[in-house]
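Enquirer: Could you put the whole structure together from the sequences, leaning on the hints where they help?
Going by our numbering, the first residue of the sequence shown is number 2, and it counts up by one from there.
Each computed DMTMM-like pair below joins lysine to aspartate or glutamate, with the alpha-carbon atoms no more than 20 Å apart:
1. Lys80 x Asp46
2. Lys26 x Asp7
3. Lys128 x Glu162
4. Lys15 x Asp99
5. Lys80 x Asp44
6. Lys116 x Glu83
Computed Cβ-Cβ distance ranges for the label pairs, DEER-style:
7. Gly206 x Ser167: 15 to 21 Å
8. Asp218 x Gln22: 53 to 59 Å
9. Ala164 x Pro124: 23 to 29 Å
10. Ser207 x Glu115: 25 to 31 Å
11. Val168 x Arg59: 37 to 43 Å
12. Arg55 x Gly187: 41 to 47 Å
13. Gly149 x Gln22: 48 to 54 Å
14. Thr27 x Ala164: 50 to 56 Å
Rather than coming from a laboratory, the hints here were simulated on the basis of the structure.
Every residue gets a Cβ at the ideal spot worked out from N, C-alpha and C, and that includes glycine.
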Amino acid sequence: MPIPEDVTGEEIDKDVRQELQSLPKTLADDVARNLVMVARLIDEDPEGAYGYSRVALRLASRVAAVREAAGFAAYANQKYAEALAEFRAARRMTGTVDLWPVMADCERGLGRPEKALDMAGAPEVHKLDKAGQVEMRLVAAGARRDMGQLDAAIVTLQSPELASSSVQPWTARLRYAYADALLAAGRADEAREWFAKAVEADRDGSTDASDRLAELDGVEFVDALDEEEADEAPEGAEAPAGPDVEAESDGEQD
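Expert: See the structure below:
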C-alpha cells in the first residue's frame, strides 16, 4: 500500500521504536511507516488503517506493538474475533493487562456479554491503572445493557470517578455513558443533568453530548447552507428541498 513521502516512521512512540530494534533496520523502517499510517487513519478511515495493519503484521508478526495495532485496526472495523485474537497475542508477548478492557469489549461485540462481565470481575482488573479501571467499568455497564439490565448498568457506572468534580481524560465518556443509561431507563431529567455535565468535561469533542443535550431540550439545528440557498433563490422560484437537520445521536458502545 502506498505511503506518503512525508511519513518517515520516526513519528511513532519511542517504546514502539525500541521494540522494532529487534528487526533489520530497513524492515524496521517499513514496519514503522505502516504503523504510522494505522495511527493516522484509524479514526477517519478505519478500512485504510486495517489495510496498513495487515502489511505491518505480515512483515513483523512477532512484535507485540504490531499485534496490538492490528488488533485496534480490526476492532475499529468491528472484526471482533480477529481483534480479540490479536490482543491476546500481544498480551502473551508483553505479559501486561492493559488490553483487558478492550478484550472484554470484543466479547461484547461477539455477542457474549456474560463473558465480558466475567472479565470485569477477574483479578486482572485490579492490576489496571485508573484509566483502565474506568474503561472496564464502561465495558461492564455496556454488557449489562446488552443483557437488558438497565438498572444494573446505572449502578455499575456509579463510582467515585463519576462523582468527582475533577476532570480527567475519561470523565466526559463516563458521564455520557451514565446519562445515556439514565435516558434508556426513562429518567430523562436526570439524563439531561448528566449530559450537561458531560458537555462541561468534553474538552476535545470525544462525545456528542452537546447534541444529545440539545435534543432533550427540543433544539433543532438548521443547515446554514440550505438557508443561504433559499435566501438567494429568485423570487417565485421554489426553494431547494431539504429538511432541517436535527441533532442526532450516534450513541456509544461502551
